[in-house]
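Model the full structure from these sequences, guided by the hints.
Here is what each chain is made of, one letter per residue.
4 protein chains.
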Amino acid sequence: MSIKVGVVGGSGYTGGELLRILSFHPGVEIVGVTSRKFKGEPVHRAHPNLRGLVTLKFTETLEPVASALDWVFIALPHGESMKVTPRFTASGIGVVDLSADFRLKSAESYKTWYGREHMQPDLLDRAVYGLPELYGNELKRARLIAAPGCNPSAALLSLAPAVSNRLIENGPVTVTALVGSSGAGRSSSVTSSHAERTGVMRAYSVANHRHTAEIEQELSRLAGSSMSVAFTPVSVNNIRGILTLSHAGGRARVEELWKAYREFYRGRKFVRIVRDQAGELQRYPDPKFTLGSNFADVGFESDARLSRLVFFGALDNLVKGAAGQAVQAFNIAAGLDESTGLLQPPLHPA
Amino acid sequence: MSIKVGVVGGSGYTGGELLRILSFHPGVEIVGVTSRKFKGEPVHRAHPNLRGLVTLKFTETLEPVASALDWVFIALPHGESMKVTPRFTASGIGVVDLSADFRLKSAESYKTWYGREHMQPDLLDRAVYGLPELYGNELKRARLIAAPGCNPSAALLSLAPAVSNRLIENGPVTVTALVGSSGAGRSSSVTSSHAERTGVMRAYSVANHRHTAEIEQELSRLAGSSMSVAFTPVSVNNIRGILTLSHAGGRARVEELWKAYREFYRGRKFVRIVRDQAGELQRYPDPKFTLGSNFADVGFESDARLSRLVFFGALDNLVKGAAGQAVQAFNIAAGLDESTGLLQPPLHPA
Amino acid sequence: MSIKVGVVGGSGYTGGELLRILSFHPGVEIVGVTSRKFKGEPVHRAHPNLRGLVTLKFTETLEPVASALDWVFIALPHGESMKVTPRFTASGIGVVDLSADFRLKSAESYKTWYGREHMQPDLLDRAVYGLPELYGNELKRARLIAAPGCNPSAALLSLAPAVSNRLIENGPVTVTALVGSSGAGRSSSVTSSHAERTGVMRAYSVANHRHTAEIEQELSRLAGSSMSVAFTPVSVNNIRGILTLSHAGGRARVEELWKAYREFYRGRKFVRIVRDQAGELQRYPDPKFTLGSNFADVGFESDARLSRLVFFGALDNLVKGAAGQAVQAFNIAAGLDESTGLLQPPLHPA
Amino acid sequence: MSIKVGVVGGSGYTGGELLRILSFHPGVEIVGVTSRKFKGEPVHRAHPNLRGLVTLKFTETLEPVASALDWVFIALPHGESMKVTPRFTASGIGVVDLSADFRLKSAESYKTWYGREHMQPDLLDRAVYGLPELYGNELKRARLIAAPGCNPSAALLSLAPAVSNRLIENGPVTVTALVGSSGAGRSSSVTSSHAERTGVMRAYSVANHRHTAEIEQELSRLAGSSMSVAFTPVSVNNIRGILTLSHAGGRARVEELWKAYREFYRGRKFVRIVRDQAGELQRYPDPKFTLGSNFADVGFESDARLSRLVFFGALDNLVKGAAGQAVQAFNIAAGLDESTGLLQPPLHPA
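These protein sequences, in sequence, are chains A, B, C and D.
Numbered according to my numbering, the first sequence spans residues 1 to 350.
Numbered according to my numbering, the second sequence spans residues 1 to 350.
Numbered according to my numbering, the third sequence spans residues 1 to 350.
Numbered according to my numbering, the fourth sequence spans residues 1 to 350.
Identical copies look the same in the list; a pair holds intra-copy or inter-copy alike.
Computed list of lysine-lysine pairs in DSSO-like fashion (alpha-carbon distance at most 30 Å, straight line):
id, residue 1, residue 2
1, Lys57, Lys259
2, Lys4, Lys269
3, Lys269, Lys57
4, Lys83, Lys111
5, Lys39, Lys57
6, Lys269, Lys39
7, Lys83, Lys4
8, Lys269, Lys140
These are calculated hints, taken from the structure and not from any lab test.
The model shown is predicted, which means the values in this text are computed figures rather than measured ones.
Next comes the structure, spelled out in structure tokens:
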């Protein structure tokens, strides 16, 4: 029997990706999807790729189907999500929130980085950080899941084995993230137009990006002590995909890194360790080979000359960096195999 | 119980796409895949996207697994395929050939367009043209399937209802096809390099492209009389995707066209008719909304001022234009539902 | 002594391109540039490429510098231009208008295609169509120049020699134009965003595009009799560049076409005839090789099998299809060599 | 009277760019250009953009025109250049070498990083490093110029003012360089094909890239003490353009950085300091705004929270990162204004 799910905020890119994945998921039935802008219109008006596959119409809220709902996925902007979440949690409906509203453990930290008071500080404790490779056990009982975004997902998955094995000797960790345009959501600014956005190599939010807080929180937990992260996102000429390059001091050799990563990710279906010798070239993770899939590819290099380590994390920001990961976390919480509906191979070349 | 399949010529883009689709297909088991260049190496060396999903190694031939084979997919270049096909057909193994070798019904026409003698003229009669929307019945008993390529697939699917309803009043049909780089296969020429190929708008094989023969053959069959096609392919700045724009004389109104297309494709899962009013704009098919899927989107316009008709066909050249269509035709011949393993939604935005 | 010029509507792409070209032009001095949106701001706020090269600020109008002006370039939307043009022509200031407002010779035709009454029908006769390869003599005395847009420029330059030599035997001429995103101007719609616009192959305004009127007007003049054009623009994945492919009936052989084109463009600096044998391939015009330059590349093919001719026109839509051509026409009217300031080589690879 | 120049190795991208720039340079005449592969063919066979603009044919060597030569530009691969350089220097012909052969001051360091003995160690002392913003005086008398490549140019120009003002307090400097496909030269490998190279985010030569040596050499000279650089290049989805992001420890405030950069680059024509507030966004350098030009845009940020500094350098790798810079250095050595022939504005949008 299918689990009944709804999607709140279904007309953006994360919403569309949730619909793409959930409509193909053998264990769920989508009973409602909301959009203020598109209410009353068929889903394929916002997502022409889903023509003939998702036949629902957008509604303004999930009220009409609320009594049938088992779980909701919330794909609203930061700050909007915490306004509606309590309605669902109060009714015993499971919530997977894809915004940043429940990712930080401290309401104070939320205020520092997001510049406003948290409206539901009591829910922060109940929320489980939805990165299954780190919180697999906690997710089994979760009813409020805070799914992480693309930057923290790529950074944390690529750094976690090294940090938890104390292979990073001195910080801060310098994280550079190359990001595609879909990460900024469905946008209509001049800056995001094809002619302006194509071909950019453009750093933004240098030294003050909000995702820094999440990455520091989780790395510190893994390390058992406070860690600092200097995070720099750079827009590049892609629609999908994120690559994080992280530098830190350390003398671990490649063999030690291999061992740490193999053990950490043993048995995990969605993390692939990529470090191949192809002719004279060393091949590292590249999000091109994860396109449309829930895989995260991670890799590393040791720079013996300077006693430094470099880490790479690559994934599709809308799948493993958003909707796919949300479904993976949901699967665990709903008692399904974590890979249910998520094993489509990446598309290549594309 | 799974059907045992092999792939001959598995290191190119069509081969990789066959592996991507077949590895996710619930009714088949891949028992062998060949590549001269990559023999002995794991599949992910040629197709890094399949790392962790396809664990076979390439072999030089399928000999070692021949006795286990039920069907083979042949993804060799034109002219190579007909050399190996008889080995399989002689052993009762079903064959889906993705080259052009068995698409033309006449050995003479093959010689005219391909500049060489056909080596297996007796097999031409047994081959069924693998376009399931036109040959669904014939495919049920087929043991040798000649899967069409991307240009004919897009052109034929977009024109078939008009032609079979005699809505085209005078010819020739002028077909312009915009094509991505993956259509030329895995290439290492200077001309196909990123710096040279990015951003092109480049016509080629004008007035002499070989696919003309296939399109004329099938349109003439549908029309019941000889039809001429002026075919012009143009390379554009995409990896995947093909759009055909076809012009011909005709006075049919849009309503008549709607009716003809609706009836022709009633009950077909993989053809979507696209003609939406979105604000002031009319939306026609665009391969962007079919990416990674087996859908073909078709549409049309009537130019009353000049008594002319315009037809659009859009699809992913590696899926509905190659590997996906081959699997769809195979499904029918193997007694499965034609959509088995092929219903993944298109990816958007990507 | 420099000619003093102003630019009206300088914050869009055509305006920016005018500033790029005029700032590098040895015979002119830019004395003013207007923008409502950016008034008071430095030019590099709208055009960051011009930082350090154009140090003007945008003003709301050219009033403050009107008495110093010799010529103005108007880069306003269709319909806006004819509101301001008379102010300049009445003061004896030469005008190069880049909108469509003065391109059609008949106010009636303007109403048919643009859906509104022309506000300055008496100026239509005085306007010279600013395609220097067709109107070189008329431009010498012009004081109001209607610079054509990218679609008509590419189509007309590629067809003119064939049409004027009566090599097209039966019509209509079917013109397909592949166009980049900059042709739509500086836009902020969702549809034009990077994620939505990248990778499209999307026909629009099929059978009703306004530029049809211009192309028919000028071809008919060249032919000496009425000609019909079925024009279909298709958005493709480029920022700059346009390629027109035109089909028509005709039996001229390639040698005849060479002769007609060579003679027609003898001595013209900005039209290059492209038809090379490169190995087995025939090379036709591609806008990639005109990027950033004022060149138009034209070519042709003869399809003897079907008695049809194919014509290609390739250019940079913002230069030879807009600002560069406007400056070329201005040069002639101002008594300068037509190539002054316009001979920068195209950029490749880019 | 024109200076007579030749180009050795003119069929690659750097060679093509030299021809593009030199053919438009008012002070030089190109008297010969060599290519083994294209000897006897017209230049536009290799560089279709130059059709009609450069009418020379490639020759195998410059022997036939040697007596007329004043200067040669050598655009051969590393290791090849030092084989031919002495022939020219011995005849008193000025040489601008665009390879890495004469950039390092020590033959030992050359052997360490390039894995072979230097063939002309005595010429290393005579060579002047061709970065005009650092070696303007030395270049005035240079007869052998070692023009730097794109990575060192962007890194050094963005770091020089900070390093020479001792604003970097602890190292190493972590330099990440995003690079386009043209930086790898004219290539025909499968890996560099359009389908494989489009959309990559791919680190390579991590911890062992040869350009590290140059950057360390020049930064150490500026600092007056040894500096270490951890350099990571990453291929991204562009043809042209490079962006370097450099991180290091430091507490300088933004005002101090402004002051240091303004003073260092006062009067320099080709370096622009970019740090704008555009609405809520801070705008940093982006190579998109330098396309086709000789400009280098530099910028910086101060991360007070972590006492770290970030530096950005953006340029067109084929112009300011190769051919343009070579011509700029040549201009100085030849007694011309350094900007002669180099002031074309960048192209935007493109």
